[in-house]
Structures are given as structure tokens and as C-alpha cells.
Amino acid sequence: MSPEIEELYQEVILDHSRRPRNFGEMADAAVLVHGDNPACGDEIHLAVRFDANGGLEDIKFSGRGCAISQASASLMTMKLKGKSRAEVMEMVRAFHDLVTVDTSEAPKTLGDLRVMQGVRKFPQRVKCAMLAWRAVQQAFEQGSGEATISTEPA
Amino acid sequence: MVHKAVASQVDWSVLREDFPILRQQVRGHELIYFDNAATSQKPRAVIEVLRNFYEHDNANVHRGLHTLSGRATEAYEQARQRVAEYIGAASPDEVIFTRGTTESINLVAQAWGEKFVREGDVILLTVMEHHSNLVPWQLLAERKGARVRFLPVCDDGTLDLDQLSSLLTPEVKLFAFTHISNSLGTINPVAELCAKARAVGALTLVDAAQSVGHMPFDVHELGCDFLAFSGHKMCAPTGIGGLYGRTELLDSMPPWQGGGEMIVSVTLEKSTFKKPPHRFEAGTPNIAGAIGLAAAIDYIESIGRPAIFEHDSQLALYAADRLSELPGTRLLGPKEERGALVGFVMDAAHPHDLTTFADQYGLALRGGHHCNQPLMRRFGVSGTTRASFYFYNTMEEIDRMMEILHAAVRFFS
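Protein sequences, first through last, are from chains A and B. Just so you know, we're using our numbering here: the first sequence kicks off at 1 and counts up by one. Just so you know, we're using our numbering here: the second sequence kicks off at 1001 and counts up by one.
Watch out, some of these pointers could steer you wrong.
[Unchecked claim] Which residues of chain A face chain B? A partial, calculated answer using Cβ under 10 Å:
no. : residue
1   : 5
2   : 12
3   : 14
4   : 17
5   : 18
6   : 43
7   : 64
8   : 66
9   : 67
10  : 68
Worth flagging that the hints you see were computed from the coordinates, not collected in a lab. No residue lacks a Cβ here, since even glycine has one placed at the ideal position from N, Cα and C.
Let's have the full structure, built from the sequences with the hints guiding it.
Shown next, in the form of C-alpha cells:
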């Protein structure tokens, strides 16, 4: 097995893609974001609920996609649940750096998400990794209702 | 090098030597190029012709009176003649050079569609069309208040011909369909479809992108009115392709792009236009590309299309057969006769994961919807993984692909 493949598809990633956490519907969601990756037909439906201070009280996702997009979404929901708006935004930025910037030392705050670092060697897969993160960013910007986002700007 | 028109008599391994790009390692492994339905590789003969043109004959066509312009014009028009012979057109005037299949279809949708399609008319397509033979008609229908209708696809990947007669009504002005499906490998019964369309007075357009470099055909035997194709899937450079149209149809069509080359005279008030094909070739054309296309045709004809078709079909059927041994894998498309490709879905791995995995072993596959989103929806998948072959591919490469796919099943399961 090539080292790049082992690094991209670490056991944690394969595990989350096979058994995604926080997967399912949310009855009382404040925002529902539909994310599309038209390049591969992948889709994610992200539901969030905010707490009194505007933090992320609960988050769930559904949809289908490649191992990278599914694992990224699953790990993301675990990491972001209970975080404040500012913490979420900071995490989105840090995760984007993690999968795109070749020099950065992965910040400890990212915890388990650091297993996604292998993506940076596969530029064609960055959109897969970022789909759920773009969706959560949109959810915070939107605050309520429903939205659709795409990896390909229309 | 003499090639005969029977696959078993051709030394395919010698042909492989004609393609410099195939002699390389990717990520430490011998390159296996199985993305030929997207674009084929180019033989040295074609690369040399391009180089020779730019080093000796390059000039603009049809306007200079100098020697180089004369040479370039002659080579360009000879290329048109060569294409006409290759597809069986009655005259080179029936061949318009375009950027490729997509531009050819857009040309018809705009030049012919603008003049002849009216509100309430119907354009009949099939569910297996590539977006390039779908979107131009949606745009036309929107402009004209016309409708687009679709012939369904059966579970086995063939067209549902039982429904054809109820869909081919007198309102149908054009039936546009693909010769070979780029996702399923289905080879459609073009002559039969054209005959049925003709019987109700509908014109036909054949998307020959996947067939033009792989199998012999003749536009008169097919009985089509238009045929669109690309050069780059048949050993020619990118950016060159063609549109065949019957003379009287092309004569009846207005220009679609205005500019130099396509006019007879221009005043400040009004212009008059050349006859086809030049009416439809505004601006400086892809001269080197057309010459490269003619060289590609010469190369393909030196092998023989019947032999290529036989060889490619054997590869595709062998691959289809071998795929059935993979656990949790579903092959799309017909079992018996198929074009030079296999499209499949695997329970264990998403097409993009599989494609990334394969690439680590130097195996170039394609994963995704293949510009066939409605067809993917029809089969309830978001995408497939596709291996597509050409005459320089081998059974051994397919065996190697199977080893890699088995490893992928183990890895992702």
C-alpha cells in the first residue's frame, strides 16, 4: 500500500466514513443547509440548532458522498457540537488551512481532525473535505431557514 | 508497418510504441491509461505532423496570396476531404470544422434551430445523452417555447425502443442521440433510429464522439442528417472536430457566428455570406488541428477500424467479465455488445475514492457522473467508475486493473 494512500485514508477516516456519527435528521433545526458537489454528485444535508448565546447546540448531517466527505462531516460534527460561534469560525479557518496549506503545523486544537491532513497531497479532493465545513459556515451566516451551497459557484 | 483489418493479425504491442506518453511511470508504477473515453493519447505520427506544419507551412488560410498561405490552405482543405472520406460524406462541403462535438451540436441548435424550430415543436433526445447533447437543446427550447422529450433507458442500459413510436410524433422536428453511450457503453441502433425518425419527417443528429475513432461507419448507411464528432478522442489534437450535415440542410441554414472567412462581401449596412462549409467557420480556424485530424485518420486507417473495433470490444467484454468476480460490484450497461468501456459501482468504495486509490498505482480511471447526470439518476447512483479502452491497451493491463480493484475492495471494506 502506498504511503500517501495510507495517510489519506487513515483508519479513523475509514471508520467515520463507514459509520458516520451524528448522521440523521433533526426535527427542530434552526438552519438546514444543502451542500452539493456537482463535480461528483455528492450531497450533504446539514442541520443545526443554536443555543441561547448563538453557539452550536446540536448538529446533524445526512446525504451521500465519498469517504473523505463523509468522514470530514462526521468528524466535524463531533468537534463542533457545543462550540461558540467564534470557536466554530476559527475551526473552519484552521481546518481549511490543514487541508490546503503545505507548511502549517496542524494546530492541537483540531484534535482528531488532524487525521485529515493527508488531503493536502490530493488537491482534487479538497472540495470533498470542505463541503461540510462550507455548509456549517453558511448555517452560521444564515442564522435561520434553509440554504443551498455548492462547491462550484453558479 | 502493414496492418490488416482483423484484430488477430495486428501486432498491437508494436502500435503501443507509437505513443510516447504511454512509456512513463506514474507514482512509481507503469502508467495504465484507461481514460480514453475522455480523451485518447496521440501517436508520434500526429505529433510530428503538427510540428512539421508549424516549422514549415504555418500561415493563415484562404486569404494570403503567398506561398505559405497556399500550402496551409491546401493542407486544411485536404484535411476536410480526408474527413469526408472517413465518415462517408458525399462531398467535403458537407464537413464543417468545429472545436469538437459540443460545438458541432451547438452549431446545429443555433443555426438550424433558430430558423426551423417553433413554439410547440419537440426535440426528442434520450436519457443517456451526454450534457453536450442535452443542454444546447434545453437552451433552444427555452428560446423558442419548444419542448424536449426523452426516450427512456431500460435496466440493461439499452434504449427503450418500445416507447419510440409513441414519442416520435409529428411535432418532433429533430431526434438527437448518441451512437455509443459514454457511461454505459451501449451501442445504439443508429440506422434503425434514423429510419424511424425519417418516417415521421423528423431530422436526426448523431453524437459520434465515442464511436468515430472506434468503429467503422458511413453517414449514408446510418441515414443521419447531422453527425457531430471530436478529433481528440481519435488520436487527433484537442480543439478540433467536425459536423457533418447534408448539403441541402446546410444550404438552408443561416450563419451562427459572424466574422472573417465566412462572408462574400460586407458593407456598412449588410453582409452576404459564403456557401457551406465556410459560412459556418467564422474567424481563423484551427488549421493545425485540422491537419492533425487528417493525420490521425491516416493513422487509424492504417490499422483499420474493423480491427480496432474488434480489439476494443474484446477488451471491454473481458473487463466486464472480470468485474463480475469483484464482490459488491455492479456493472452498468449491456452484457453482450458494448463499446470500448466499462462503467461500474462498488459497494465498498465511492468512485472518487476508488479513482484516487487507483491513481496511486499508475492506473488512470475516471470517477464521477461523466456529464451524464440524468442517466446517473436513472440508475440511482451519484456517479460511477469508468475504465475506457483504446487499441493500445492490453488484456494484461486489465488484469493489473483487477489486482488493484481487488486491493481497493480489501482496503475500503
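Go through the hint on residue 64(A) and say holds or violated, using the shortest Cβ distance to chain B against 10 Å.
-> 6 Å, holds
When the nearest CB of chain B is found for residue 5(A), is that gap smaller than 10 Å?
-> Holds. Min distance 5 Å.
When the least beta-carbon distance from residue 18(A) to chain B is tested against 10 Å, hint result = 9 Å, holds
Do the numbers back the hint for residue 43(A), that is, is its least Cβ distance to chain B under 10 Å?
-> 8 Å, holds
Can residue 17(A) be said to touch chain B, with a Cβ gap under 10 Å?
-> Hint on residue 17(A): holds, closest Cβ of chain B at ~8 Å, below 10 Å.
Should the hint that residue 66(A) touches chain B count as held when the rule is a Cβ pair under 10 Å?
-> Cβ of residue 66(A) sits 4 Å from chain B, so the hint holds.
Cut-off 10 Å, beta-carbon criterion: hint that residue 12(A) touches chain B = 14 Å, violated
Return the status of the interface hint for residue 67(A): holds when the least beta-carbon distance to chain B is below 10 Å, violated otherwise.
-> Cβ of residue 67(A) sits 5 Å from chain B, so the hint holds.
Hold the hint about residue 14(A) up to the distance rule: shortest CB distance to chain B must be less than 10 Å.
-> Holds, about 7 Å.
Hint check: 10 Å Cβ-Cβ cutoff, residue 68(A) to chain B | Holds, because the Cβ-Cβ distance from residue 68(A) to chain B comes to roughly 7 Å (cut-off 10 Å).
Hint compliance for this structure: hint 2 alone is broken.
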